[in-house]
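J.: What follows is each chain in one-letter form.
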Amino acid sequence: MLSPVHDLDLDLDAFEGPFDLLLTLLLKEELDPAEIDMVGIVVTFVERLTERDELDLDACGEFLILFSGLLELKARGLFPDDAGDLDELEPEEAAEELARRLAEYRRMKEAATWLAERLASERDRFFRLGPAPLAPRVERQLAQQDPAGLATALRALAVEPPSVSVAHMALRFPPVSQFVERFRALLGRRRRFDFDTEVAGLSRIEQAVAFLALLELRKVGEIALSQAAPFAPIRVGRASDEMTTNLSDDEETSQWKIARSA
Amino acid sequence: MEDRTLRLIATNPVDALARTVEALLVVASAPLSVDELAEAAADDVERIETALGLLSDRYREGRSGIVLEQVAGGYAYRASREAAEACARLFERPVERGLSQAALETVAIVAYLGPVSRPEIARVRGVAADSAVASLVERGLIAEAGRESGPGGAVRYRVTALFERVFGLENLGALPRLDDLGDDTEAIRERLHAVAEARAS
Amino acid sequence: MEDRTLRLIATNPVDALARTVEALLVVASAPLSVDELAEAAADDVERIETALGLLSDRYREGRSGIVLEQVAGGYAYRASREAAEACARLFERPVERGLSQAALETVAIVAYLGPVSRPEIARVRGVAADSAVASLVERGLIAEAGRESGPGGAVRYRVTALFERVFGLENLGALPRLDDLGDDTEAIRERLHAVAEARAS
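Heads up: the protein sequence lines correspond to chains A, B and C, in order. Quick note: the first sequence, position 72, residue 72 per my numbering, numbers continuous. Quick note: the second sequence, position 99, residue 99 per my numbering, numbers continuous. Quick note: the third sequence, position 179, residue 179 per my numbering, numbers continuous.
In case anyone wonders, no lab produced these hints; they're calculated from the structure. Bear in mind the structure is a predicted one, so any value in this text is a computation, not a measurement. Each residue gets a CB set at the ideal place from its N, CA and C atoms; glycine is no exception. Honestly, I wouldn't trust all of these hints.
[What the hints assert, rightly or not] What the simulated footprint calls covered on chain C by chain B, stretch by stretch (three residues with Cβ under 8 Å from a Cβ of chain B suffice, anywhere in the stretch; the number is not a length):
1. 23-31
2. 36-49
3. 71-84
4. 97-105
5. 123-136
[As the list claims (entries may be wrong)] Computed footprint of chain C on chain A; a stretch qualifies when at least three of its residues, placed anywhere within it, have a C-beta under 8 Å from a C-beta of chain C:
6. 129-136
7. 143-157
Here chain A stands alone, though its shape is the one from the complex (with noise of 0.2 Å):
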């Protein structure tokens, strides 16, 4: 069975492709989350879980956690040094301040829509672009300037730029390749371990950013995944054992793999 929310297919302005890519990206720092539209990740889940016939539950839950992540990810980088703002607002005022920011973004994105109405009505103008084939030249003249306004200038530049508060970030996110390594170096001394052995005593957080190494890990490859049922323990092991040992394919097992589509 495909899992539904991570090989949901996204076509996003800056991103086309399953989810799981999507939060590999992301996580891995290659994919700024400040770029990423949430309303099409959203409406693109809605629109998979219609296709299917049931309410799939543990797909909701899923998606609600992972999608939860990524909208704080998303919401540090854009409001460093706001969220203080924000911390210091009552519940209500914060609510308030952020529907007004809604409320200016929408204008905004229905402003975007009347330019880009305006230019294609505007096709058939043509005007010149740049001076006239034959006009004469112009001659710019500057008065005597002081040149302490240069030293001005320079030692603006040199000044550190306002630094941004990270004490409201409570969490922090170790980097993907770190588990990569950490999971590589296991399977050097042993066969195969159990995922949830490996993680327990992890952050929710850390425990995510762990699972998205298993399937870095699983893509190009290197390891196997099974699982005998759902909740089961995730068992991890050599790509190039599991070839040879075929040992999980018990029928009355529901294994448990972890597909992708690449």
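Mind docking chains B and C on chain A? Use the hints.
T.: Structure of chains B and C alone, referenced to chain A:
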């Protein structure tokens, strides 16, 4: 007879002034305001306006291939719309061709809220604006307008006269009031409604 | 009567073509040859020449402020001689009081760190420097000074003698000292690059 002579004296000077204005507009590289025309022609504003009235009648759609338009806070010639096909064969549209949605949103923000800095634009759009800003600067639709006050202040941007010209705006006041604009969340709502209907059926 | 009808049929198409040529010439930023005009108007060379004849008569000295001129590359409009004085006033801009923030920062970087390339200027300023550099070159305040070493090295710029004159400096050694930023040019450069990096992160 006396009447005719008087009229000649009264009208000819404006005709000569109209020719001067005609000449100024053909060599100018951007729209010229009435004040700029008055200064260059060394004449007064009222007479410049009379001359512009004469020229607007002569250079108008259907009558001439050169059309005098009021745009970007001044007056400028453009090609008649009738000649658009011929113009398209010869001239590129480097300024507006391939403007992305991100660039349109960014230029809208700069037009309505400018001068604004990149961080401010990102705050309104909800996504970073760096590449959109760079592409708009390169196209000449927005330009730097100083820095935010305080040490290490970010560069601020405003729209240019070229922006007004490309979008055919007499001035920035010709932009629609934001409240008058249609609702574009409608598209998303429709998609969600379609989903709901599909589920119900 | 029949004669008149015939003439209308015969002349109108060339009139329309003349309006198209009129339009093409007002959009062009370089003279257009008869061949270019024919291709753009999708018409033949003889008829273009007929249209140009009509226009040469309409746009000539004494009759119009716009004059159609045949030059080396083809045809282009110019201002009438009658309007020469007004045009001179239009192009002779009043003495500018100061530089824009972008230009001032850019020329300061070139003066203190020069010769520098555009990429380095952009890095130190935190925004692209293309238009500021172009405007300073046009004003004659900075000029090209070779390229960065290595293949495909970027063009570097230095300040000019005009710069020294405008800023009242006998030579670059007379620039105000920046001891608070560093002991020498290299130290100042490093300091600016470090701040730029902090800004970009």
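J.: Hints first: check each against the structure and report whether it holds.
T.: Quick rundown of the hints versus the structure:
With 5 residues having a Cβ less than 8 Å from any Cβ of chain B, the segment 23-31 of chain C passes the three-residue criterion, so the hint holds. Counting residues of the segment 36-49 of chain C whose C-beta lies closer than 8 Å to any C-beta of chain B gives 5; at least three are required, and the coverage claim holds. With 6 residues having a Cβ less than 8 Å from any Cβ of chain B, the segment 71-84 of chain C passes the three-residue criterion, so the hint holds. A count of 3 residues in the segment 97-105 of chain C with a Cβ less than 8 Å from any Cβ of chain B is obtained; the coverage claim is therefore met, three being the minimum.
Look at the segment 123-136 of chain C against chain B: 7 of its residues bring a Cβ nearer than 8 Å to a Cβ of that chain, three or more, so the hint holds. Here's how the segment 129-136 of chain A fares: 8 of its residues keep a CB closer than 8 Å to some CB of chain C, so the rule of at least three is met and the hint holds. Given a C-beta distance limit of less than 8 Å, the hint that chain C covers the segment 143-157 of chain A holds, as 14 residues qualify and 3 suffice.
Every hint from the earlier list agrees with this structure, and none is contradicted.
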